[in-house]
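Novice: Sequence:
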Amino acid sequence: MEDPVVPSPTRIPLGSDPVVLLADADERIRQGLTAQLAKYQVSVVHCGDGATALLEAGLRKPDVLLVSADLPVIDGATVLRLVRRRLSIPVVLGVGPDDTAQVAPALAAGASACVARPYRPREVAQLLSLADRGNRGWDQPLVCGPLTLDPSTYEVAMHGVPTARLPLREFQLLHLLMLNSEKVITRDRIRTELWGEGARRSNTITVHIRRLRERLGDDPHHPEIIQTVRGVGYRLVPPMS
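The end of the sequence shown is residue 241 by this note's numbering, with every number in the run present.
Please keep in mind that the hints were generated in silico from the structure rather than gathered at the bench.
Incorrect hints may have been included.
[What the hints assert, rightly or not] Derived Cβ-Cβ restraints for the label pairs, each shown as a range:
no. : residue 1 : residue 2 : range
1   : T153      : S43       : 29 to 35 angstroms
2   : A25       : Q227      : 39 to 45 angstroms
3   : P146      : Q31       : 46 to 52 angstroms
4   : N180      : K39       : 25 to 31 angstroms
5   : N180      : N203      : 20 to 26 angstroms
6   : V237      : G110      : 32 to 38 angstroms
7   : R85       : V207      : 36 to 42 angstroms
Every residue gets a Cβ at the ideal spot worked out from N, C-alpha and C, and that includes glycine.
Construct all of the structure, not just a fragment, from the sequences and the given hints.
Specialist: Below, the structure is given as structure tokens:
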């Protein structure tokens, strides 16, 4: 049996004491994420409803505001819209299995990104980099030949024809591959950036790659767009125009 991998604490390069304001009705999620993010030297201020989230955001000016889609009192999309009018901080929507229909409205309301809920601590810690997103180009459209991806609308198109809307994790995986077009992305890097250690002993990455190929019309037996580099990972090659 392999020894468990324990990630070392990571200092997010935002200066001292980065703060996440977490708005979630589930106290167990709030407490659990607070404890986990302490390993990354990230502080969490949490509240249980949208009205309190608006108040705390104005008072504390956190580095990132993370709100669940199903907030009571004031829903997540409304919180996003109101915060966007007052503050320039990144606002991220936590999307559960039943909340995927809210991704597009949230982005339209000004969400900086959407993440899967229940949350993965490493992924939430990395959200602090959104505070410096202007240098990272996350929200810039990507073009690889006839394949295009627009993070601001969560839309993907091939030859100008939109694909079916991708689930969040597939979209993030495609974004990573397109951002590093022609380069080999290792399975370890994919796992670390998208799942942390959650995909360590599963075929999660393989399944997501297969689904992406299907959506892009890539031959699953002889893929030309998302190519497998055996024993290493995957490489996205821009399709022919």
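Novice: Indicate, hint by hint, whether the structure satisfies it.
Specialist: Do the hints match the structure? See the list:
1. T153 x S43: 29 to 35 angstroms: holds, 32 angstroms
2. A25 x Q227: 39 to 45 angstroms: Check passed, 43 angstroms falls within 39 to 45 angstroms.
3. P146 x Q31: 46 to 52 angstroms: holds, 47 angstroms
4. N180 x K39: 25 to 31 angstroms: About 27 angstroms separates the Cβ atoms of N180 and K39, which means 25 to 31 angstroms holds.
5. N180 x N203: 20 to 26 angstroms: Given about 22 angstroms between the Cβ atoms, the range holds.
6. V237 x G110: 32 to 38 angstroms: holds, 34 angstroms
7. R85 x V207: 36 to 42 angstroms: holds, 40 angstroms
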